[in-house]
Amino acid sequence: MKPLKIGISGVRGIVGETFTPELVVEFAQAFGTYFESGKLLVCRDTRASGPMVRAAVMAGLLSAGCEVIDLGICPTPTMQLAIKYFNAAGGISITAGHNPAPWNALKFVRSDGLYLNTTQAEELLDILHQGEFAKARWNEIQTHIETRDVVEHHIEVLKRVFDVEAIRARKLTVAVDCCNGACSVLSPRWLEELGCRVLAINDEIGSPFPHNPEPKRETMAQLRAVVKAGQADIGFAHDADGERIGIVTETGEALSEELTLAIAAEIVLSQKPGVVVTNLSTSRTIEAIAERYNSAVIRTPVGQPYISEAILENNAVLGGEGNGAVTIPKVQVTNDAAATIGLILEHLAKSGKRISDLSASLPRFTMLKHYVPVAPNLLFSVLNEVRSEAETAGAADVDLSDGIKLSWPDGWLHIRASNTESMIRIIAEAENESRASGLLDWAIDRLK
8 MKPLKIGISG VRGIVGETFT PELVVEFAQA FGTYFESGKL LVCRDTRASG PMVRAAVMAG
68 LLSAGCEVID LGICPTPTMQ LAIKYFNAAG GISITAGHNP APWNALKFVR SDGLYLNTTQ
128 AEELLDILHQ GEFAKARWNE IQTHIETRDV VEHHIEVLKR VFDVEAIRAR KLTVAVDCCN
188 GACSVLSPRW LEELGCRVLA INDEIGSPFP HNPEPKRETM AQLRAVVKAG QADIGFAHDA
248 DGERIGIVTE TGEALSEELT LAIAAEIVLS QKPGVVVTNL STSRTIEAIA ERYNSAVIRT
308 PVGQPYISEA ILENNAVLGG EGNGAVTIPK VQVTNDAAAT IGLILEHLAK SGKRISDLSA
368 SLPRFTMLKH YVPVAPNLLF SVLNEVRSEA ETAGAADVDL SDGIKLSWPD GWLHIRASNT
428 ESMIRIIAEA ENESRASGLL DWAIDRLK
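Just add 7 to the spot in the sequence shown (first one is 1) and you have this note's numbering.
Derived by calculation from the structure, the hints in this document are not laboratory data. You may find that some hints are simply not true.
Unchecked claim - What follows is a list of derived Cβ distance ranges for each label pair: (1) Lys166 - Leu11: 39 to 49 Å; (2) Glu29 - Glu298: 48 to 58 Å; (3) Asp156 - Asn391: 44 to 54 Å; (4) Val379 - Thr126: 24 to 34 Å; (5) Ala303 - Ala62: 42 to 52 Å; (6) Leu385 - Glu29: 17 to 27 Å; (7) Gly45 - Asn439: 52 to 62 Å; (8) Asp133 - Arg299: 39 to 49 Å; (9) Glu147 - Ala382: 39 to 49 Å; (10) Asp156 - Arg299: 41 to 51 Å; (11) Pro380 - Ser408: 22 to 32 Å; (12) Ala403 - Leu375: 13 to 23 Å; (13) Gln238 - Asp133: 48 to 58 Å; (14) Thr126 - Arg224: 35 to 45 Å.
Said to hold, decoys possible - No more than 27 Å apart at the CA atoms, straight line, and that leaves these computed lysine-lysine pairs for DSSO-like: (15) Lys360 - Lys235; (16) Lys178 - Lys166; (17) Lys357 - Lys279; (18) Lys178 - Lys337; (19) Lys178 - Lys235; (20) Lys337 - Lys360.
Backbone N, C-alpha and C define an ideal beta-carbon position, used for all residues, glycine too.
Use the sequences and the hints to build the structure in full.
Structure (structure tokens):
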């Protein structure tokens, strides 16, 4: 099975198999054509395939007559902020985010710094499939690619939003695992600006990922050890491109990725009640927190573009997903791990509380996750077979907007095709482990 994922999250695949230079050039040509040969930004994470993919992206954009600014190794949220700063038409982030090192991807961003929505992504694919790209004449092609470092701009934006002086006064010790990814420069510099004693690990841009760049409990063993040995107040774990973040408490406990958004929701709603946007797969903990503050939760299909659109439509105070991704609209309406760090440290500084106390105060449910690899050409038919049996589960509510979500008063089950890998994801959550296991087993049996 050689997966290639094309969808709301851009295009991604395994380099040397389905993710090829030819594919990248064509997508870049289509993107340049879609934005009418305008000014575009390009950034990448630290994967070994990055220079090759960058070269293909540059070739495609230049051939379409675009003016290109190269931001080099740079977090995706940093590039998204820079699009407005440069008044650019859009940008391409070369990163597979949380996927393992063999993968790479192109993420497509429009002029407001947000990912293409579903309609725009379909329009881009139409251009790709038609193969009729803008073509600059030989004497119209840009002969020099400007390079810029925009990390400082990102930090300046963050400093305008968060109370830097309050954080500095607390003199926190913060451990951070940059996974040798795109945040290896941004996060240590941001933490130093906040007056923290910084315990940075895996912040060597030229080195390979020390573990899978997905900030989950199982990848945070090294960070836990550093937090305990360094007596840190908190530890943060990054993905490869600065969108998702995991948390380790001062006791050395690695928190579930589901709790990152929950902690952010508790902080934000305690300050300003309002709407929180999250996806169908995220824990009910968000509703339980929202009830404390007379606030509402809006659910969307899985994917950052859906979250961003719903935040704008509902004037939400917060958004995010249960994978460690948090959107803080007062910074930007897209995932930003550095902003999440600022939000949490500001709260710790002003409240005087410990992150373990905040975590312990949150409502908890039992969530179980499972995935089943499925060949790309079979995903649709397999999901249809499960959908045909959904009525036999006796759920109180059936939501088919993104796969199949079945809900009962005491739990829920979500079965859907992954946006980023060739697999079906199953998530079950309930008030106790026995009920969650029963729901998960029901789904696994149907997928067999």
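Okay, the hints, checked on the actual structure:
1. Lys166 - Leu11: 39 to 49 Å: holds, 40 Å
2. Glu29 - Glu298: 48 to 58 Å: For Glu298 against Glu29, whose Cβ atoms are near 52 Å apart, the range 48 to 58 Å holds.
3. Asp156 - Asn391: 44 to 54 Å: At 49 Å between Cβs, range holds.
4. Val379 - Thr126: 24 to 34 Å: With a Cβ separation near 30 Å, Val379 and Thr126 satisfy 24 to 34 Å, so the hint holds.
5. Ala303 - Ala62: 42 to 52 Å: holds, 47 Å
6. Leu385 - Glu29: 17 to 27 Å: holds, 26 Å
7. Gly45 - Asn439: 52 to 62 Å: holds, 54 Å
8. Asp133 - Arg299: 39 to 49 Å: Taking Cβ atoms as reference, Asp133 and Arg299 lie about 46 Å apart, which means the hint holds.
9. Glu147 - Ala382: 39 to 49 Å: holds, 44 Å
10. Asp156 - Arg299: 41 to 51 Å: holds, 42 Å
11. Pro380 - Ser408: 22 to 32 Å: holds, 24 Å
12. Ala403 - Leu375: 13 to 23 Å: Given a distance of about 20 Å, which is inside 13 to 23 Å, the answer is holds.
13. Gln238 - Asp133: 48 to 58 Å: holds, 56 Å
14. Thr126 - Arg224: 35 to 45 Å: Hint holds: Cβ distance 37 Å, inside 35 to 45 Å.
15. Lys360 - Lys235: This hinted pair holds, its Cα atoms lying about 18 Å apart.
16. Lys178 - Lys166: holds, 16 Å
17. Lys357 - Lys279: holds, 16 Å
18. Lys178 - Lys337: Cα-Cα ~25 Å, so holds.
19. Lys178 - Lys235: holds, 17 Å
20. Lys337 - Lys360: With a Cα-Cα distance of about 24 Å, the restraint between Lys337 and Lys360 holds, given a limit of 27 Å.
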